[in-house]
Amino acid sequence: MLRRIGIVTLLGVLLLTGCTSAPGGDSLDPNGEKSGPGTEQPGPTGEVTVFAAASLRSAFDEIAVAFEEQYPSVSVNAIVYDGSSTLVAQLIEGARADVLATADERSMQSLIDSGLAADPQLFASNTLVVAVPAGNPGDVETLADLADAVTVLCAPQVPCGAATATLLEAADVRVTPASQEQNVTAVLQKVAAGEADAGLVYATDVVGDDEVQSFAPEGADEVVNRYPIVALKDAEETGTLFADFVRGPEGQRILQRLGFGAP
1111 MLRRIGIVTL LGVLLLTGCT SAPGGDSLDP NGEKSGPGTE QPGPTGEVTV FAAASLRSAF
1171 DEIAVAFEEQ YPSVSVNAIV YDGSSTLVAQ LIEGARADVL ATADERSMQS LIDSGLAADP
1231 QLFASNTLVV AVPAGNPGDV ETLADLADAV TVLCAPQVPC GAATATLLEA ADVRVTPASQ
1291 EQNVTAVLQK VAAGEADAGL VYATDVVGDD EVQSFAPEGA DEVVNRYPIV ALKDAEETGT
1351 LFADFVRGPE GQRILQRLGF GAP
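With the numbering used here applied, the sequence shown corresponds to residues 1111 to 1373, in that order.
Here are the simulated distance ranges between beta carbons:
1. Asp1331 <-> Asn1187: 33 to 43 angstroms
2. Arg1216 <-> Ala1326: 19 to 29 angstroms
3. Lys1343 <-> Ala1244: 42 to 52 angstroms
Think of the hints as simulated: they come from the structure by calculation, not from any bench.
For each residue, glycine too, the CB sits at the ideal point set by N, CA and C.
Please put together the full structure from these sequences, using the hints given.
Okay, structure coming up:
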């Protein structure tokens, strides 16, 4: 009699176990869904808002596409491009972003000092070139020629402007610019349109642009801009993912193909 009761009890336990298990050893949650080691966990979801230096436009547009391919449930909002100092000022004044990438460490330090972010990481570098319209109608062939040419430069408060000032001072070349622009893209646009004989831009800006030609002036390799990136303190998880992607193998492959140097 006791043996028969034991068998019945064992069958009951086995039946209960069968009702709460799934094939492959996974258990079922209260809603009847599989859970456990064999369950595929959902990837990250949401959006990411990126502020980036104007010189990063081509690279980050491509990186955004690659990022969304790797994380299909995350969308990259239209990236905001401008001069690094302008972007930092906007963030300090209350603009919302998850990630900031600047073209120099000085601009990034201003954001860090504001308390909005911490621990930025370098991910790329860049140097200056002299850009002239196709055909070089102003016959600009050296850095010294900029003194007598119609020259457009970046404003001194933005990274390309600070690098320009360092380069010209080291070469003892004095230039009175026809205009000073708030980002490097505006400088290149004026040169390409023939509104200036020359302008100082980053080497990456002229890659693949048939409307301009360029040369690396003497001393340019001594004036290197290093690019940091950071996820802001109030960023979504997707901000950290994007910053890590930029510094990862695929982001670095895209940056280097477009002319950026290692950090």
